[in-house]
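The residues making up each chain are set out below.
Protein chains: 2
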Amino acid sequence: MQLIQGKVIADQIKEEIASEVKELVDMGKKRPHLAAILVGHDGGSETYVAHKVKACEQVGFESSLIRFEDNISEDELLKKVQELNNDDSIDGFIVQLPIPDHISENKVIEAIDPSKDVDGFHPVNLGRMVIGLPSYVSATPSGIIELIRRYNIETSGKHCVIVGRSNIVGKPMSILLGQKTNPGNCTVTLCHSRTKDLPSVTRQADILIAALGAPEFVKEDMVKEGAVVIDVGTTRVPSTETKSGFRLKGDVKFDEVSPKCSYITPVPGGVGPMTIVSLLRNTLLAAKRDVY
Amino acid sequence: MQLIQGKVIADQIKEEIASEVKELVDMGKKRPHLAAILVGHDGGSETYVAHKVKACEQVGFESSLIRFEDNISEDELLKKVQELNNDDSIDGFIVQLPIPDHISENKVIEAIDPSKDVDGFHPVNLGRMVIGLPSYVSATPSGIIELIRRYNIETSGKHCVIVGRSNIVGKPMSILLGQKTNPGNCTVTLCHSRTKDLPSVTRQADILIAALGAPEFVKEDMVKEGAVVIDVGTTRVPSTETKSGFRLKGDVKFDEVSPKCSYITPVPGGVGPMTIVSLLRNTLLAAKRDVY
Chain A
1 MQLIQGKVIA
11 DQIKEEIASE
21 VKELVDMGKK
31 RPHLAAILVG
41 HDGGSETYVA
51 HKVKACEQVG
61 FESSLIRFED
71 NISEDELLKK
81 VQELNNDDSI
91 DGFIVQLPIP
101 DHISENKVIE
111 AIDPSKDVDG
121 FHPVNLGRMV
131 IGLPSYVSAT
141 PSGIIELIRR
151 YNIETSGKHC
161 VIVGRSNIVG
171 KPMSILLGQK
181 TNPGNCTVTL
191 CHSRTKDLPS
201 VTRQADILIA
211 ALGAPEFVKE
221 DMVKEGAVVI
231 DVGTTRVPST
241 ETKSGFRLKG
251 DVKFDEVSPK
261 CSYITPVPGG
271 VGPMTIVSLL
281 RNTLLAAKRD
291 VY
Chain B
1001 MQLIQGKVIA
1011 DQIKEEIASE
1021 VKELVDMGKK
1031 RPHLAAILVG
1041 HDGGSETYVA
1051 HKVKACEQVG
1061 FESSLIRFED
1071 NISEDELLKK
1081 VQELNNDDSI
1091 DGFIVQLPIP
1101 DHISENKVIE
1111 AIDPSKDVDG
1121 FHPVNLGRMV
1131 IGLPSYVSAT
1141 PSGIIELIRR
1151 YNIETSGKHC
1161 VIVGRSNIVG
1171 KPMSILLGQK
1181 TNPGNCTVTL
1191 CHSRTKDLPS
1201 VTRQADILIA
1211 ALGAPEFVKE
1221 DMVKEGAVVI
1231 DVGTTRVPST
1241 ETKSGFRLKG
1251 DVKFDEVSPK
1261 CSYITPVPGG
1271 VGPMTIVSLL
1281 RNTLLAAKRD
1291 VY
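In order, the protein sequence lines correspond to chains A and B. Using the numbering used here, you'd call the opening residue of the first sequence number 1 and step up by one each time. Using the numbering used here, you'd call the opening residue of the second sequence number 1001 and step up by one each time.
For reference, chain A alone in the conformation it holds in the complex:
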């Protein structure tokens, strides 16, 4: 069994990005600039955004954090999005989700200029991804593809089973791994809460992607000997063993499942660290105008 060390790969990629930024700056070009809009003071969102800002510093990006209180109106937020769309100094930006209920998430996402939508949530980016045109792919699917690529895991002709059909992981993942690309060319099965006899499906997987958000849901008897297992789950569960009072659990019962795997991602340290790196990569693409 080989551990897929997302943390190690993420650090490598950050170094690669940093050296590319240095080259750009040495050539007299401006530093890539990522902006993040944060509405309110949700603990998780604060942490994520802080990590993103820190990651920008590490690779030499400029970053801007734009904060609003919970009571900002939809119109005001849309106005700010428009402003960032038109601000040439900003290459890409994100609106940290969730946003308050009185603001339409879809309206905000659709207001973002697709060429600056480095989260890859705009329908144009999703649609372009589906038909194989250049696009910003959202962070988690993009990170998983990169892990598969860097570990030279064969995907062509393999049966990939994905559990969970979310808009930001399961669905795009199912499209990406079925494309006529490398990584890609998988036979892909997308499963979800309505799937009957799930273990009989997951046991067929050469590559199993667990993205349902249910801690330790995938047990030993659901996995084929020699499978590649990618664990996207990161649920906070209470813990007396950590300072914070919680720990992250994946969707896979690691101790049971890992001995059967050819490759497996740990939680934490697997897919998680790749997501911020995907955002940085998209921002670099945006700065270089490589997609649009």
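None of these hints come from the bench; they were simulated from the model. Nothing here was measured: the structure is a model prediction, and the numbers come from that model. By construction, the Cβ of each residue, glycine as well, lies at the ideal position given by its N, Cα and C atoms. You may find that some hints are simply not true.
Covered stretches of chain A, going by a simulated chain B footprint (3 or more residues, C-beta under 8 Å) [unchecked claim]:
#1 123-130
#2 173-182
#3 188-201
Let chain A serve as the given structure and place chain B on it in line with the hints.
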């Protein structure tokens, strides 16, 4: 075995649309108006467009056919697209594909205002479909969903296997049938040329959708007893038995496979007649501003 009579359903839907158009007109509203751009004189395209124009007449739509010669420049075509985007008298329009090689198909499709893209080929419509927002769904997937709905075929929890990963059939179909909708909630497997041991996969299908464009590819030993089989193939093969000198063959070997099926679509008369009806339905939605 029950035959899924696409022709009969399509005629029913046309009557429904016609009566809705009559209501609109009686209320003093304008008739829905579909425009089609046809470049060159490809025989297949001429036929398809003629059918579309005729179908518009049948349901009481206005229609406009805009013709260009093969040597039209990309700029001229894009200018016409822009003109139709801005023409309030036109509710929806299509550019009949294929277009000549010197014109970028993607550029033309992306130039169409998504709210008038009744073919559902624009990335925005595809992307909105993926995340479950209102959108124009392209003709074949939309027609198949409607057949499943009208025949009350149970999809929830069923295993749907799709063979063929085209942008206009296989990929959107895989997303639609996996959505948390009815029809929908299928466990979906998307297969293609790189799939290993395809018969072992297709034999698992409760619902099998053949959309690879290879005449009579799906044989008896690839289908489970009691399966629902949807045949999207329409390949012209030479024939001495028809006036035209050819006949349409599906992707399924009908005589062998049909006795095993609970439901099956014939070719011709199955999925085919539904595609034009889907275009009419999208145009009606456009006229009523139901999507955007």
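Going through the hints against the structure:
Restraint check on the segment 123-130 of chain A versus chain B: 7 residues with Cβ-Cβ distances below 8 Å, three needed, restraint holds. A stretch counts as covered by a chain when three or more of its residues have a beta carbon under 8 Å from one of that chain; for the segment 173-182 of chain A and chain B the count is 5, and the coverage holds. Given a C-beta distance limit of less than 8 Å, the hint that chain B covers the segment 188-201 of chain A holds, as 9 residues qualify and 3 suffice.
Every hint from the earlier list agrees with this structure, and none is contradicted.
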